[in-house]
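**Q** Each chain, letter by letter, is given below.
Protein chains: 2
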Amino acid sequence: MADEVALLSFWPSMFGNRVKIALALKGIEYEFKEENLRDKNPLLLEMNPINKKIPVLVHNGKPICESLLIIEYIDEVWNQKSPLLPTDPYQKSQAKFWADYIDKKLPATGKEIWSTNGEEQENAKKNFIEILKVLEGELGEKPYFGGDQFGFVDLALIPFYSWFYGYETFGNFSIEEECPKIVAWANKCMEIGSIAQSLPDPKKVYEFVSVIKGWLGIK
Amino acid sequence: MADEVALLSFWPSMFGNRVKIALALKGIEYEFKEENLRDKNPLLLEMNPINKKIPVLVHNGKPICESLLIIEYIDEVWNQKSPLLPTDPYQKSQAKFWADYIDKKLPATGKEIWSTNGEEQENAKKNFIEILKVLEGELGEKPYFGGDQFGFVDLALIPFYSWFYGYETFGNFSIEEECPKIVAWANKCMEIGSIAQSLPDPKKVYEFVSVIKGWLGIK
Numbered sequence: 001m002a003d004e005v006a007l008l009s010f011w012p013s014m015f016g017n018r019v020k021i022a023l024a025l026k027g028i029e030y031e032f033k034e035e036n037l038r039d040k041n042p043l044l045l046e047m048n049p050i051n052k053k054i055p056v057l058v059h060n061g062k063p064i065c066e067s068l069l070i071i072e073y074i075d076e077v078w079n080q081k082s083p084l085l086p087t088d089p090y091q092k093s094q095a096k097f098w099a100d101y102i103d104k105k106l107p108a109t110g111k112e113i114w115s116t117n118g119e120e121q122e123n124a125k126k127n128f129i130e131i132l133k134v135l136e137g138e139l140g141e142k143p144y145f146g147g148d149q150f151g152f153v154d155l156a157l158i159p160f161y162s163w164f165y166g167y168e169t170f171g172n173f174s175i176e177e178e179c180p181k182i183v184a185w186a187n188k189c190m191e192i193g194s195i196a197q198s199l200p201d202p203k204k205v206y207e208f209v210s211v212i213k214g215w216l217g218i219k
Numbered sequence: 001m002a003d004e005v006a007l008l009s010f011w012p013s014m015f016g017n018r019v020k021i022a023l024a025l026k027g028i029e030y031e032f033k034e035e036n037l038r039d040k041n042p043l044l045l046e047m048n049p050i051n052k053k054i055p056v057l058v059h060n061g062k063p064i065c066e067s068l069l070i071i072e073y074i075d076e077v078w079n080q081k082s083p084l085l086p087t088d089p090y091q092k093s094q095a096k097f098w099a100d101y102i103d104k105k106l107p108a109t110g111k112e113i114w115s116t117n118g119e120e121q122e123n124a125k126k127n128f129i130e131i132l133k134v135l136e137g138e139l140g141e142k143p144y145f146g147g148d149q150f151g152f153v154d155l156a157l158i159p160f161y162s163w164f165y166g167y168e169t170f171g172n173f174s175i176e177e178e179c180p181k182i183v184a185w186a187n188k189c190m191e192i193g194s195i196a197q198s199l200p201d202p203k204k205v206y207e208f209v210s211v212i213k214g215w216l217g218i219k
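Protein sequences appear in the order of chains R and Z.
When we follow UniProt numbering, the leftmost residue of the first sequence carries the number 1, and every step to the right adds one.
When we follow UniProt numbering, the leftmost residue of the second sequence carries the number 1, and every step to the right adds one.
Misleading hints may appear alongside valid ones.
If you want the ones that stay clear, here's a sample from chain R, every Cβ over 12 Å from chain Z, calculated [stated by the list, open to error]:
no.	residue
1	E112
2	P143
3	D201
4	S210
Here are the simulated lysine-lysine pairs, DSSO-like style, with alpha carbons at most 30 Å apart [to be verified]:
no.	chain 1	residue 1	chain 2	residue 2
5	R	K213	Z	K105
6	Z	K203	Z	K213
7	Z	K92	R	K92
Reference listing, derived: stretches of chain R covered by chain Z, where coverage requires no fewer than 3 residues with Cβ under 8 Å from a Cβ of chain Z [as the list claims (entries may be wrong)]:
no.	segment
8	28-39
9	85-93
10	171-180
Since the hints were made in silico from the structure, they are not lab data.
Cβ atoms here follow ideal geometry from the backbone N, Cα and C, with glycine treated the same way.
Bound conformation, chain R alone (with noise of 0.2 Å):
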């Protein structure tokens, strides 16, 4: 039987997109199913009763949810080719580690960068500065988180760099100038096709901002 797999997903997501990027690494064929954030479809209630969130990988039929969960699951499955993580249970736990870092502290922190104003907004992009700064550190001279190969800490955080434009726009503030490192890492990421191609317009994310901004009323 051919393998029958849907991802439940929303354009913007970082979390659906570090999905997306995952399956066309592996060059796994799927349907990808668009979700409506203000008005949840049954399947995704269906399929991720607990949470309601995207993204959901349905895979035969049976659902996987949290992205990270996610990404693992397909790398498992799906072993053959493109490796995320690696096979020393050491370095595997530190991957993990990192993801996990990524996933504490920088969806909370961007949305601040755009949610807020004044000072807490001054905050936000100090806080987010020192987040990637922290993982400019683990980058160190590697050309990747994962060596040499882009690998599972890589896919955990390409996604937010879509955001990047966002982030800057509305907090005015460049991240370039402060994290250079991080920028440079991110445009070498984007020089493989799977990526980039995985990876929705910055500036319709900014877009996408600006309208959920009106949508919650902030200025």
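Chain Z: place on chain R using the hints.
**A** Chain Z in isolation, oriented as in the chain R frame:
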């Protein structure tokens, strides 16, 4: 070379106690290093400079942080005895999903029970019970979350049981009345020697919470 294993932890920590249980189940000898959370040890800051948090497992000089990542690491490195995660990728992703659910929901809601009063506390109790009811649904008629054997999700959840008495006393409610299946499951887990011997006395945890409330100036 014999393995050198040390655990940096703090006796009431649910997260640290997950690791204690995993090490006990696997029969691994190790040095327990009790941390003083008010005056952090230089070793902790050296081993976990990013989060500066216990637990940290130090295996042959190399640190692994974050309790769920540590128990995954232990399960992978010491794989001959007491497997914790299923080998099937789908089952594995589900176990990790539930452990992640526990981490995202239970600690914060539990803390709200002992650190708030009045309406806020009533809400926290309601949320806490709801979370446990979702977990009861996942447990179903199985003896353990892991099926016939104590597994990863069981390990993620059981250390909270030492805190139940504290939650109940500060919240003035009975968890057993609301969620008898979870309490029956916990009692079954406590019949396993390595588990019962790894967990602190609930009354000592309650006293510890009283002290913390004092430090924080919470009535």
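**Q** Against each hint, give a clear statement of whether it holds in the structure.
**A** Status of the hints after comparison with the structure:
E112 of chain R, annotated as away from the interface, keeps every beta carbon of chain Z farther than 12 Å; the closest lies near 19 Å. Every beta carbon of chain Z lies more than 12 Å from that of P143 of chain R, the smallest distance being close to 22 Å; the non-interface claim holds. The beta carbon of D201 of chain R is kept farther than 12 Å from every beta carbon of chain Z, the shortest such distance being approximately 31 Å. At roughly 29 Å from the closest C-beta of chain Z, the C-beta of S210 of chain R stays outside 12 Å, upholding its exclusion from the interface.
Between K213 of chain R and K105 of chain Z, the direct Cα distance comes to roughly 27 Å. Compliance with the 30 Å bound is thereby established for this hinted pair. For a cut-off of 30 Å, the pair hint linking K203 of chain Z to K213 of chain Z stands: about 15 Å separates their Cα positions. Simply put, K92 of chain Z and K92 of chain R have alpha-carbon atoms about 16 Å apart, close enough for the 30 Å limit, and the pair holds. Proximity of the segment 28-39 of chain R to chain Z, defined as three or more residues with a beta carbon under 8 Å from a beta carbon of that chain, is not established by the 0 residues found.
Given as covered by chain Z, the segment 85-93 of chain R passes the check, having 4 residues with a CB less than 8 Å from a CB of that chain where 3 are the minimum. Beta-carbon proximity to chain Z at under 8 Å applies to 0 residues in the segment 171-180 of chain R; the threshold of 3 is not reached and the given coverage is violated.
When each numbered hint is compared with the structure, violations occur for hints 8, 10.
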